[in-house]
Amino acid sequence: MDELWNGLLAGGVGRWADRLVNLILDHGQPTLDVIAAVVDGFGAAIDNTLIGLPPWALGGALTALALWRVGKGFALFALLSLAGIHAMGLWEPMASTLGLVVASTTLSLLIGVPLGIAMARSRLADGVGATLLDFMQTMPAFVYLIPAVMFFGLGRVPGILATVIFAMPPAVRLTALGIRQVPAELVEAGRAFGCKDHQLLLKVQLPNALPSIMAGVNQTMMMALSMIVVASMIGAGGLGNVVLQGIQRLDIGLGFESGLAVVLLAILLDRITQSFGVQSFGARGFGPHGVDRGASKGGAQ
Amino acid sequence: MTLILPSDAALSAVGADTARSGARVGEARGAVRMEVRNLCKVFADDPRPALALLRDGAGKAEVLARLNVNVGVVDASFDIRAGEIFVIMGLSGSGKSTMVRLLNRLIEPTAGSIQLDGRDLTALSKNELVEVLRRDLSMVFQSFALLPNRTALDNAAFGLEVAGVGRDARRDAAMRALDKVGLSAYAHRYPRELSGGMQQRVGLARALAKNPSILLMDEAFSALDPLIRTDMQNELLRLQREQARTIVFISHDADEAMRIADRIAVMEEGRIVQIGTPAEIITNPADEYVRAFFRGVDPSRVLRARDLARCDDRVTLVEEGEDPIAALRRLAERGVGYGYVRGRDGRFLGVLSRAEGTILNRPEPVAADAPLHSLLRRVATAPCPVPVVDGGGRFLGVLTRAALLETLDRGDDPRG
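Going line by line, the protein sequences match chains A and B.
For the first sequence, the working numbering gives the first residue as 1, with consecutive numbering after it.
For the second sequence, the working numbering gives the first residue as 1, with consecutive numbering after it.
Since the hints were made in silico from the structure, they are not lab data.
For clarity, every value in this text was computed on a predicted model and none was experimentally measured.
For glycine and all other residues, C-beta sits at the position ideal for the given N, C-alpha and C.
Hints are supplied without guarantee of correctness; some may be wrong.
[Said to hold, decoys possible] Pulled from the structure, derived: some chain B residues nowhere near chain A, Cβ distances all over 12 Å: (1) D75; (2) S138; (3) P148; (4) V162; (5) A163; (6) K210; (7) Q274; (8) G276; (9) L328; (10) T358.
[To be verified] Beta-carbon label-pair distances, calculated as ranges: (11) D120(B) <-> L65(A): 53 to 59 Å; (12) M233(A) <-> K126(B): 38 to 44 Å; (13) K126(B) <-> D26(A): 43 to 49 Å; (14) L65(A) <-> K126(B): 41 to 47 Å; (15) D120(B) <-> V13(A): 53 to 59 Å; (16) L110(A) <-> R66(B): 32 to 38 Å; (17) R48(B) <-> L110(A): 44 to 50 Å; (18) R123(A) <-> L227(B): 43 to 49 Å; (19) G127(A) <-> E108(B): 30 to 36 Å; (20) L23(A) <-> E62(B): 26 to 32 Å.
Kindly produce the complete structure, drawing on both the sequences and the hints.
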């Protein structure tokens, strides 16, 4: 009895996963090809644009962004970091990694934000979504790197897709959380003044959930950056490739240099995206009145 | 021989201060706008057991204990009339916040009906309800509920924006609304730049901008400092004088209710225990709960001369044209010192004094709408009960010292 049970579970679940992958491979090829073409086209477009830009243009743009969103000190840090990366001869892999991160973050948000909205609005979507997210967040990444390669071959496409799976959960969770945290009375005000569902979402819920959603964007981007480095093992390219070379050749210097470039890029992206999450409407220094909501009793009953 | 009439000067002075409240009371007796019948709300997936228990007279606590079901409103029926301020009051948890949200279906009623101008709101589809909410109903919230990412102007324009009114038209209307509440100078400020009182003015402007026919105000002034609260109450009364709107006002503040209400509904444990004018509720509370609720209220500021004016057989009336000798004899027979002379048109003409044998124009009559606290000295110093007249000078009755003192004595002071 025990053996039957063990056989069913131990071999069984795995066998079903195996069969599913084979089924997709046998019958899903046209669909996979379409997905691959779209993702590849999108990734290549962003990647090639960033690599194609002269270093001074891309570096200047990033520095300007740092100056606008964060401040003078950070702009100087950005300039020095980018100059350092260029001096280490890692500019092109850095641009490529940035392109992959932007592509996978964009895809993650395109899927993740609507999913988060759905989860905030429907109990069913919340139940299904939460399970899916737990799965995506805890399943070791290497487990789906292998089927990704089987489906799409080596290269950019499986790298981006694996990264999307890995990086999407914070965008979903923080979007859902942000919408749920919109004060109940704001939602009541929206409905009391005759908002239809889409108006409530666009005019009341999303604007007020924006800081939380932007925190999700930030987290997604950070996770995409860490994953895209791992994904270089399946040929995604970029700085991860250089790290991999360093490991394979036991070249500690090269490994450290490319690792440092990843860290510097991470700091730049983190600070810049974080700055979009801080909202302030109106002059500072009027703090206490702005949070008068605390006085509410929290709506009905 | 006929009676010699005193001059009219003293009488005409009375008319002026009755104008304000007279007008309001007149409009308050408008047509019924909202008709609420047997409205119930229980928070349960299957409301039937709870409703059955409530029908058998169970209280809110009992339903919660036996079925673990929260009761919001039980069997509420009332009418709201055009142009009146209808205050719903009660302690926290009495169901008043639920009640106001049932009226615009922010909370779906479990049973009962709400007719707005003869149309049953509870039967409307989602889209029909949205149309009604956009056109007829506005709401003001305790916590202001302004959108923090919009300026005062865009907040005020919100209702018109969702209704699809063009940008220029809605901004014009919003600007006029802000102007009405005295905030046009702050139109381009964000909520966090405004004080609490100003924020609630924006909330009021948002509600007024679409010119709703019914305004729901949920504890609208409760989060404000006492001074600002009084300001806002005055503001509301001023706006109401400019254009009488139908207002449903939720409050837990007895003084506030007495100040602004045309009529008050008192709620306890989800049930309405009494509906009446402030004067009716203060002079004749339905039960101990209502009495306790308004214990702190100073009746001399709520009640007006008309509420105590008495015209029964203890008041000796002298009709115009009656023989004065006979009238004086009648006073002597009844052992009273004064008779009140009434004209053929019902107007008050003067006081016939037995001692002086003539008609005096003292004590001057008081206006029916004069609050009691302004009359204490006059009643105390007058030689006889003070006559009360309405805006048209018609005699309504007399105000006696005994009646006044009896009313001012709450009968339940801490020492008693």
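Hint check results:
1. D75(B), annotated as away from the interface, keeps every beta carbon of chain A farther than 12 Å; the closest lies near 18 Å.
2. Non-interface call for S138(B) relative to chain A: violated, since the shortest CB-CB distance, roughly 7 Å, does not exceed 12 Å.
3. Listed as a non-interface residue, P148(B) fails to keep its Cβ farther than 12 Å from every Cβ of chain A; the least gap is roughly 6 Å.
4. Distance check on V162(B): its Cβ comes as close as 5 Å (rounded) to a Cβ of chain A, failing to clear the 12 Å threshold; non-interface status is violated.
5. Distance to chain A contradicts A163(B) as a non-interface residue, since its nearest Cβ pair spans about 6 Å, not more than 12 Å.
6. A Cβ of chain A approaches the Cβ of K210(B) within 12 Å, the least distance being about 8 Å, so the stated non-interface status is violated.
7. Q274(B), annotated as away from the interface, keeps every beta carbon of chain A farther than 12 Å; the closest lies near 22 Å.
8. Interface exclusion of G276(B) from chain A stands, the closest Cβ pair being 26 Å apart, more than 12 Å.
9. Even its closest Cβ contact with chain A, about 66 Å, leaves L328(B) beyond 12 Å, as expected for a residue assigned away from the interface.
10. Residue-level check passed: T358(B) sits 64 Å from the nearest beta carbon of chain A, beyond 12 Å.
11. Under the hint 53 to 59 Å, the C-beta atoms of D120(B) and L65(A), about 57 Å apart, fit the expected range.
12. For the pair M233(A) and K126(B), the beta carbons lie near 53 Å from each other, so the given range of 38 to 44 Å is not met.
13. Range check, K126(B) to D26(A): about 47 Å between beta-carbon atoms, so the 43 to 49 Å window is met.
14. As the Cβ distance of L65(A) to K126(B) is approximately 44 Å, the hint placing it in 41 to 47 Å holds.
15. A C-beta distance of roughly 56 Å is found between D120(B) and V13(A), which places it inside the suggested range of 53 to 59 Å.
16. In this structure, L110(A) and R66(B) break the distance hint of 32 to 38 Å, their C-beta atoms being roughly 51 Å apart.
17. Between R48(B) and L110(A) the C-beta distance comes to about 46 Å, which sits within the given range of 44 to 50 Å.
18. At roughly 46 Å, the beta carbons of R123(A) and L227(B) sit within the given window of 43 to 49 Å.
19. At about 24 Å, the beta-carbon gap between G127(A) and E108(B) misses the expected band of 30 to 36 Å.
20. Distance hint check for L23(A) and E62(B): the Cβ-Cβ separation is about 59 Å, which falls outside the suggested range of 26 to 32 Å.
Checked against the numbered hints given earlier, the structure breaks hints 2, 3, 4, 5, 6, 12, 16, 19 and 20 and satisfies all the rest.
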